[in-house]
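Enquirer: So the chains spell out like this:
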Amino acid sequence: MLRLALLLAALAALAGLAGPAGGADEAALLTLRQAQVLSVPAPTLAPPDGGHYTPQALPDDWTGPSGPGEQVRWYRFDFDPPPVPAATLLAVYLPRVCSNLEVHLNGQLLYRGGRLREPVTRNCYRSQLIALPAGLLSASGNRLDIQVVGFALPRVSGRQRAGGLSEVIVGPHALLADRHERQVFWNVTLAQIIAATLVMVGVVMLALAWVRRAGYLFYFGVVAVGWALLSSRVWWRDIPLAHGTLELLSCIAFVPLSVCALLFLLRYCGVTSRRLDLALWSQCLLLPALLLALGPERLFTGAAICYSLLALEVFVTIGYFLAHAWRTRREEFWLLGSILGLVAVVVAIEVGIQDRVFDLPQVHVMHFAIPVLFCALAFRLVQTFAQALTTAEAARQQLEQRVHEISAEIERNFSHLAEVRVEQVAEKERKRIAADLHDDLGAKLLTIVHTSTDERISTLARDALEEMRLSVRGIAGKPVQLADALADWRAETVSRLGDAGIEIEWQSSEPATPRTLAARSYVQTTRVLREATSNLIKHSGASRAVVQVKVDEEFQLVIRDNGRGIPLELDGRLDRGHGMASMKQRAKQMQGQCLVESGPGYGTVIRLTLPL
Amino acid sequence: MTHILLLEDLPEIRVWLKALALQVFPQAQITEAARVHDAREQISAQRFDLALVDLGLPDGSGVEVVAALREAQPEAQSVVVTIHDDDDHLFPALQAGAFGYLLKEQSREQLAEQLKRISQGEPPLSPSIARRVIQYFAAQQRSQFREKTPLMPGVTLTERENEVLLRVAKGYTLPEIGVQLNLSRHTIADYVKQIYRKLNVSSRAEVALEAQRLGLFRR
Numbered sequence: 181m182l183r184l185a186l187l188l189a190a191l192a193a194l195a196g197l198a199g200p201a202g203g204a205d206e207a208a209l210l211t212l213r214q215a216q217v218l219s220v221p222a223p224t225l226a227p228p229d230g231g232h233y234t235p236q237a238l239p240d241d242w243t244g245p246s247g248p249g250e251q252v253r254w255y256r257f258d259f260d261p262p263p264v265p266a267a268t269l270l271a272v273y274l275p276r277v278c279s280n281l282e283v284h285l286n287g288q289l290l291y292r293g294g295r296l297r298e299p300v301t302r303n304c305y306r307s308q309l310i311a312l313p314a315g316l317l318s319a320s321g322n323r324l325d326i327q328v329v330g331f332a333l334p335r336v337s338g339r340q341r342a343g344g345l346s347e348v349i350v351g352p353h354a355l356l357a358d359r360h361e362r363q364v365f366w367n368v369t370l371a372q373i374i375a376a377t378l379v380m381v382g383v384v385m386l387a388l389a390w391v392r393r394a395g396y397l398f399y400f401g402v403v404a405v406g407w408a409l410l411s412s413r414v415w416w417r418d419i420p421l422a423h424g425t426l427e428l429l430s431c432i433a434f435v436p437l438s439v440c441a442l443l444f445l446l447r448y449c450g451v452t453s454r455r456l457d458l459a460l461w462s463q464c465l466l467l468p469a470l471l472l473a474l475g476p477e478r479l480f481t482g483a484a485i486c487y488s489l490l491a492l493e494v495f496v497t498i499g500y501f502l503a504h505a506w507r508t509r510r511e512e513f514w515l516l517g518s519i520l521g522l523v524a525v526v527v528a529i530e531v532g533i534q535d536r537v538f539d540l541p542q543v544h545v546m547h548f549a550i551p552v553l554f555c556a557l558a559f560r561l562v563q564t565f566a567q568a569l570t571t572a573e574a575a576r577q578q579l580e581q582r583v584h585e586i587s588a589e590i591e592r593n594f595s596h597l598a599e600v601r602v603e604q605v606a607e608k609e610r611k612r613i614a615a616d617l618h619d620d621l622g623a624k625l626l627t628i629v630h631t632s633t634d635e636r637i638s639t640l641a642r643d644a645l646e647e648m649r650l651s652v653r654g655i656a657g658k659p660v661q662l663a664d665a666l667a668d669w670r671a672e673t674v675s676r677l678g679d680a681g682i683e684i685e686w687q688s689s690e691p692a693t694p695r696t697l698a699a700r701s702y703v704q705t706t707r708v709l710r711e712a713t714s715n716l717i718k719h720s721g722a723s724r725a726v727v728q729v730k731v732d733e734e735f736q737l738v739i740r741d742n743g744r745g746i747p748l749e750l751d752g753r754l755d756r757g758h759g760m761a762s763m764k765q766r767a768k769q770m771q772g773q774c775l776v777e778s779g780p781g782y783g784t785v786i787r788l789t790l791p792l
Numbered sequence: 156m157t158h159i160l161l162l163e164d165l166p167e168i169r170v171w172l173k174a175l176a177l178q179v180f181p182q183a184q185i186t187e188a189a190r191v192h193d194a195r196e197q198i199s200a201q202r203f204d205l206a207l208v209d210l211g212l213p214d215g216s217g218v219e220v221v222a223a224l225r226e227a228q229p230e231a232q233s234v235v236v237t238i239h240d241d242d243d244h245l246f247p248a249l250q251a252g253a254f255g256y257l258l259k260e261q262s263r264e265q266l267a268e269q270l271k272r273i274s275q276g277e278p279p280l281s282p283s284i285a286r287r288v289i290q291y292f293a294a295q296q297r298s299q300f301r302e303k304t305p306l307m308p309g310v311t312l313t314e315r316e317n318e319v320l321l322r323v324a325k326g327y328t329l330p331e332i333g334v335q336l337n338l339s340r341h342t343i344a345d346y347v348k349q350i351y352r353k354l355n356v357s358s359r360a361e362v363a364l365e366a367q368r369l370g371l372f373r374r
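Chains A and B, in that order, give the protein sequences.
Residue numbering for the first sequence follows the numbering used here, starting at 181 and increasing by one per position.
Residue numbering for the second sequence follows the numbering used here, starting at 156 and increasing by one per position.
Misleading hints may appear alongside valid ones.
Counterexamples of contact, computed for chain B against chain A with all Cβ distances above 10 Å [to be verified]: (1) F180; (2) Q184; (3) R190; (4) H192; (5) Q197; (6) S199; (7) P229; (8) I273; (9) S298; (10) N317; (11) L338; (12) S357; (13) V362; (14) L364.
Far from chain B by the CB rule (all over 12 Å, computed), these chain A residues [as the list claims (entries may be wrong)]: (15) A207; (16) F365; (17) L370; (18) L409; (19) F501; (20) E512; (21) E589; (22) V602; (23) L792.
If the Cβ cut is set under 7 Å, some of the chain A residues that face chain B in the computed set are [stated by the list, open to error]: (24) L626; (25) T627; (26) H630; (27) R670; (28) V674.
Everything labelled a hint here was simulated from the structure, so no lab data went into it.
Cβ coordinates follow ideal geometry from the N, Cα and C atoms, glycine included.
Hey, can you work out the whole structure from these sequences and the hints?
Expert: If you want it as structure tokens, here you go:
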């Protein structure tokens with residue numbers, strides 16, 4: 181929106197600059213609007229004397245039919261210099277003369293604008309300023325003769341290039357130079373600057389189109405470059421081509437240029453239709469054929485038809501384009517709408533000028549307005565492109581980020597797998613060691629158990645075997661479910677005591693939530709319980725035993741019997757047959773404790789407490 | 156006359172086991188073997204009523220012999236005699252068709268008592284073995300449910316068998332379970348025998364199915 185406002189302001193400023201200067205010094209200017217005119221068949225070296233001059237109002241536009249070749253007219257003015265301070269350099273200023281001129285003052289050749297014969301120098305777009313040497317001027321009764329060589333309107337393809345002469349202004353050189361420079365700047369210099377800009381923009385667009393394979397950018401580039409080339413006739417005065425050929429070619433060149441502009445708009449909307457393309461391109465044959473059929477003497481009529489038709493197509497396409505933008509790209513609508521709206525207005529004005537609805541202006545809006553709008557459009561296209569690029573880069577960065585994350589995850593997974601693998605290897609190794617122990621040590625101990633004749637040695641060997649097995653289980657083992665451990669202990673204890681004929685009561689509360697016991701704790705507790713059970717069977721003489729298991733913050737195992745307890749005399753060598761010390765030792769290893777309460781006649785209570 | 160196959164690689168232990176077997180079955184005729192290979196030959200050569208099989212042998216595992224005997228002489232009883240009391244070692248042997256196990260380090264009296272019980276149809280069943288059996292049948296049922304194959308007849312446990320297994324797994328002894336369920340010692344023993352049998356049948360069926368699936372079934 182801001183950009184749009186700036187654009188409009190810039191155009192308004194340009195329009196203001198282009199306007200006529202203030203009238204403070206108007207009094208010093210002599211404007212000649214009446215001339216004596218004489219047509220001659222070919223350029224002459226001097227004003228023909230004695231010819232039949234006829235009066236003619238200025239500006240004189242050569243609209244009537246004419247024969248082939250250039251036309252030549254002599255304009256004659258008789259004037260008194262305007263009242264100016266002495267020593268002021270006077271000049272004659274011609275806002276428009278087409279195509280070329282020659283100026284004589286009081287019979288002396290003063291100025292020639294270039295070639296007067298084919299190819300005639302084309303000065304149609306620039307004003308002329310000719311200084312009047314003071315030595316040639318008289319105080320009154322000066323005669324100014326201007327020979328104009330040009331081509332009548334029917335033989336040109338643009339009204340700007342039809343032969344003619346505007347009013348003639350005589351005044352102080354400084355004052356008129358200002359006007360002249362402004363006119364030349366707006367009509368010629370600016371056209372050159374813009375043409376150069378347009379060529380650059382067009383080349384950039386073509387390069388982008390080539391890189392991106394974007395059709396609409398290609399058409400836009402072609403239009404920009406084509407327009408710049410076509411506008412060269414504004415500042416290139418001596419194109420080495422005959423007048424008729426050049427006029428025909430410049431009209432014909434407009435056709436593919438317009439087609440490209442239309443295709444740009446259509447492609448930008450995403451319209452791709454072979455038939456439509458074919459229809460549009462076929463105009464490149466049909467319209468030149470029309471121009472040729474009409475012949476050089478009706479070139480202007482043909483050109484007007486071509487321009488009107490192409491302008492109509494441009495209007496329709498812009499309408500379609502804006503409708504499409506309104507539907508799909510609302511945010512772009514206002515910008516594109518205003519740019520294309522201005523294009524449409526400028527084109528309409530130009531067609532109006534060609535069709536003589538409007539007078540021929542001194543400044544040719546078409547030549548700078550359209551390129552400026554082109555540049556605005558190009559800016560928008562590049563911006564869109566840059567936005568797309570930014571989006572793509574952001575997406576790429578996101579992708580990279582994602583890839584990075586995923587590879588980090590893969591690495592994590594890999595190291596996790598490696599850990600698992602290490603664990604598996606360790607587990608396998610443990611199993612191997614366990615198997616070796618069983619097979620070697622186990623077999624030997626077993627042999628002792630079953631072959632020794634000494635009961636004591638046999639028992640020791642059995643204990644050692646059991647010890648070894650539990651140890652192996654401890655190093656190889658995984659944590660045991662507490663419920664499973666309780667079941668194993670119960671089954672073993674109840675079975676052994678039952679076989680020994682001791683009544684047993686097992687009291688255990690199942691833990692509410694599944695809990696586990698470290699393999700080592702399981703093994704040690706099993707040993708303590710086994711030891712206690714053995715003692716109970718061998719030494720206590722009890723008839724009844726109670727085992728209580730409590731699981732809360734800690735694990736508590738209580739084994740109580742109604743036996744004789746540990747007799748005093750046995751107390752001194754308590755450890756020999758009872759293994760109380762080893763029980764305590766084991767409890768300590770598990771950061772727990774094992775208490776033995778016993779008295780003769782009171783039975784024995786063993787309490788094992790372990791942290792969980 | 157009882158024919159006993161004794162498979163044990165350590166000579167001293169073998170001597171001692173032979174004495175144990177003769178103590179329980181004084182009339183028995185005992186064939187000794189020290190390797191899996193020898194045992195297989197003996198199995199194809201003559202009939203046995205009972206086999207005492209060690210698990211860890213120089214040329215293989217006793218489980219193979221258990222399976223071979225179950226295959227060749229289904230009426231023969233295999234008893235695993237081992238130093239390994241954990242279910243990881245025992246369970247495969249039970250699946251292969253062993254009808255009980257003896258732990259070698261037990262005293263001669265205990266072993267004699269247990270062997271007698273096994274031969275009378277009262278195999279032992281520890282809580283950890285019971286848990287494994289429960290897990291095994293649960294997994295079987297799940298996979299059959301998943302693959303929508305009909306339940307194999309004779310290999311699902313009855314409610315009573317399940318009940319007994321669950322109680323054993325919780326640490327109750329077989330006599331205790333008999334009291335709890337108001338059943339005789341023999342009935343409980345029958346349930347345990349059924350469980351062993353179904354475990355074997357189901358495992359064999361599973362192996363056959365697996366072989367069929369892999370296209371290895373050659374009969």
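Enquirer: Does each hint hold? Answer for all of them.
Expert: Status of the hints after comparison with the structure:
Interface exclusion of B:F180 from chain A stands, the closest Cβ pair being 18 Å apart, more than 10 Å. At roughly 22 Å from the closest C-beta of chain A, the C-beta of B:Q184 stays outside 10 Å, upholding its exclusion from the interface. Separation of B:R190 from chain A is adequate, the least Cβ-Cβ distance of about 15 Å exceeding the 10 Å criterion. The beta carbon of B:H192 is kept farther than 10 Å from every beta carbon of chain A, the shortest such distance being approximately 19 Å.
The non-interface label for B:Q197 is consistent with chain A: the shortest C-beta to C-beta separation is roughly 23 Å, beyond 10 Å. With a least beta-carbon separation of about 28 Å from chain A, B:S199 lies farther than 10 Å from that chain, consistent with its non-interface assignment. Non-interface call for B:P229 relative to chain A: holds, since the shortest CB-CB distance, roughly 30 Å, exceeds 10 Å. Non-interface status of B:I273 relative to chain A is upheld: no Cβ of that chain comes within 10 Å, the nearest being about 15 Å off.
For B:S298, the condition that its CB be more than 10 Å from all CB atoms of chain A holds, with the nearest at approximately 24 Å. Remark: the non-interface label on B:N317 is consistent with the geometry, its nearest Cβ contact in chain A lying 16 Å away (cut-off 10 Å). Interface exclusion of B:L338 from chain A stands, the closest Cβ pair being 17 Å apart, more than 10 Å. With a least CB separation of 23 Å from chain A, B:S357 remains clear of the 10 Å interface cut-off, as annotated.
A cut-off of 10 Å between C-beta atoms confirms that B:V362 is not in contact with chain A; the least separation is 24 Å. B:L364, annotated as away from the interface, keeps every beta carbon of chain A farther than 10 Å; the closest lies near 29 Å. Listed as a non-interface residue, A:A207 keeps its Cβ farther than 12 Å from every Cβ of chain B; the least gap is roughly 112 Å. With a cut of 12 Å on Cβ distances, A:F365 stays outside the contact zone with chain B, its closest approach being about 90 Å.
A:L370, annotated as away from the interface, keeps every beta carbon of chain B farther than 12 Å; the closest lies near 85 Å. Separation of A:L409 from chain B is adequate, the least Cβ-Cβ distance of about 79 Å exceeding the 12 Å criterion. Every CB of chain B is more than 12 Å from the CB of A:F501 (nearest about 63 Å), matching its label as outside the interface. The Cβ of A:E512 sits about 59 Å from the closest Cβ of chain B, beyond the 12 Å cut-off, so the non-interface label holds.
No beta-carbon of chain B is positioned within 12 Å of the beta-carbon of A:E589; the least distance is around 31 Å. The beta carbon of A:V602 sits about 22 Å from the closest Cβ of chain B, which is more than 12 Å, so the claim that it is off the interface holds. The Cβ of A:L792 lies farther than 12 Å from every Cβ of chain B, with a closest approach of about 19 Å, so its non-interface assignment holds. Given hint, A:L626 at the interface with chain B, holds; its Cβ is 5 Å from that chain's nearest Cβ, closer than 7 Å.
Given the 7 Å rule on beta carbons, the hint for A:T627 holds: about 5 Å separates it from the nearest Cβ of chain B. Hint status for A:H630: holds, given a least beta-carbon distance of 4 Å to chain B, under 7 Å. Because the smallest distance between the Cβ of A:R670 and any Cβ of chain B comes to about 3 Å, under 7 Å, the interface hint for this residue holds. Taking 7 Å as the C-beta cut-off, the interface hint given for A:V674 holds, the closest approach to chain B being about 5 Å.
Consistency note: the structure conflicts with none of the earlier hints.
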